[in-house]
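**Student:** These protein sequence lines are chains A and B, in that order.
Position one of the first sequence corresponds to residue 1264 (the numbering used here), numbered consecutively onward.
Position one of the second sequence corresponds to residue 224 (the numbering used here), numbered consecutively onward.
Keep in mind the hints are simulated off the structure, nothing from the lab.
Any given hint could turn out to be false.
Distance condition first, Cα-Cα at most 30 Å in a straight line; then the derived DSS-like pairs of lysine-lysine [unchecked claim]:
no., chain 1, residue 1, chain 2, residue 2
1, A, 1620, A, 1640
2, A, 1375, B, 268
3, B, 239, A, 1599
4, A, 1338, A, 1391
5, A, 1425, A, 1272
6, B, 239, A, 1516
7, A, 1508, A, 1534
8, A, 1338, A, 1276
9, A, 1375, B, 225
10, A, 1425, A, 1310
11, B, 225, A, 1508
12, B, 225, A, 1391
13, A, 1534, A, 1375
14, A, 1664, A, 1620
15, A, 1276, A, 1310
16, A, 1534, A, 1470
17, A, 1391, A, 1309
18, A, 1366, B, 225
19, A, 1378, B, 239
20, A, 1310, A, 1272
21, A, 1566, B, 225
22, A, 1470, B, 268
23, A, 1470, B, 225
24, A, 1391, B, 239
25, B, 268, A, 1599
26, A, 1378, A, 1534
27, A, 1640, A, 1650
28, A, 1508, B, 268
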Amino acid sequence: MKEVFTAQKISDKVYWVGAVDWNVRNFHGYLTGRGSTYNAFLVLDKKITLIDTVKAPFAEEMFSRIRSVIGEVDKIDYIVSNHSEPDHSGALPAAIEAIKPEKIFASAAGEKNLKAYSGTDLDITTVKTGESISIGDDTLTFVETKMLHWPDSMVSYLAGEKMLFTQDAFGMHLAGSSLYADEYPRHILEYEAKKYFANILLHLSGKVIALLDSLPGLDLDIQMILPDHGPLWRTPEDIAWILGKYREFAEQKNTRGALVFYATMWGSTAKMANALADGLREGGVQVECASLDVNDRSDIMTKVMDAAIVAAGSPTMNNQLFPSVADVLTYLSGLKPQNKIGYAFGSYGWSGEAVKKIADSMFAMNMALPVEPCKVKYRPTEADLKKLHDDGLALAEQLKKG
Amino acid sequence: MKFVCDVCGYVYDPAKGDPDNGIPAGTEFADLPDSWVCPECGAGKSEFSEMP
């Protein structure tokens, strides 16, 4: 019987059996403008193995794709969980019930997480870096990637097929009917890979570099990288491209531009932002001026990737930061961008705490703050706005001094 | 005595301390303040185990 959903063949032994979430737009607070995929992989061997699963509501879509290859899902013998986050393990309890697998493999931290998420005492075989299991003719080898990006994260290498299954690493939120990166426009791949890195991995940049440095020593002949979101990397050029991009993103050195983000109540902080941005432009810096009314926090993070200068503006509201600015600063603090010049500004009516709160937050993030913050009462005068423009020029000058 | 973070694998070495977070070299794990957290992942002291 033909299935509702069918698998995509990757090789004679390996099939994509994941799910496409075309219209997801809020992924734990990350605006996924192009939707996403939850990739799961079926490996045919003496022990039929399922690598990762999908988000819970997509369990039946995955089962349908599995059935399209092997008829019945309970023919699966092994399940490997590279990452316990619910977008990859949400369907695991249903899968266990349907499959009754002989074994489930995960890292030690993965075992704890999967038990906690499923609320059941799952029987999991834990594996460590360098451990291999035979699945028949072929072998799966595991490499733990602790904190990339969760404590449980690991990658699996299928030796005979020379495929590296990398869970969230090298992935992106991009829904599509094509399976491979070379079937998508490069600028979309670059933007979505950068957005993913900015929002998921930026604070772990040091570990990303260490992992990239350790790859040659692992002596894996990698002919395909198969992440759990978005397209797969199958050509030598694409594999080199995404590894190179990860190094570039993690080094956080390729930043020349400036980002001015702000919220405004009655237009004063917006006027200040535009004057500042024009000073930066005149100073020779490519600048983007982004109102938080229309820019999601995850888009701000993506812009931060290209910015050497990050300026934030907030009105003072009830003695506090404007809520959307507090949101972005909290988010930014956790993602720990490096090598940034910061600048704080904003308007106020009577107390004016917000600007200092921005500067304190930037200081705590180790941003350099070479130009004094600027705050104006109620409405910026022309002189105030010229001062903002001059501050933009001064920041541009600081960047040139580098 | 070294201690390892069970969450992320970070190793606390008393010989090095955690100077970035105000802990001087020579501070034993037991003497770390209760407010001290893993500098890598933010887990609390109770998530650490003695290194074998």
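**Student:** Which of the stated hints cannot be reconciled with the structure, identified by number in ascending sequence?
**Tutor:** The structure conflicts with hints 7, 11, 13, 16, 18, 19, 21, 26 and 28, although it agrees with all the remaining ones.
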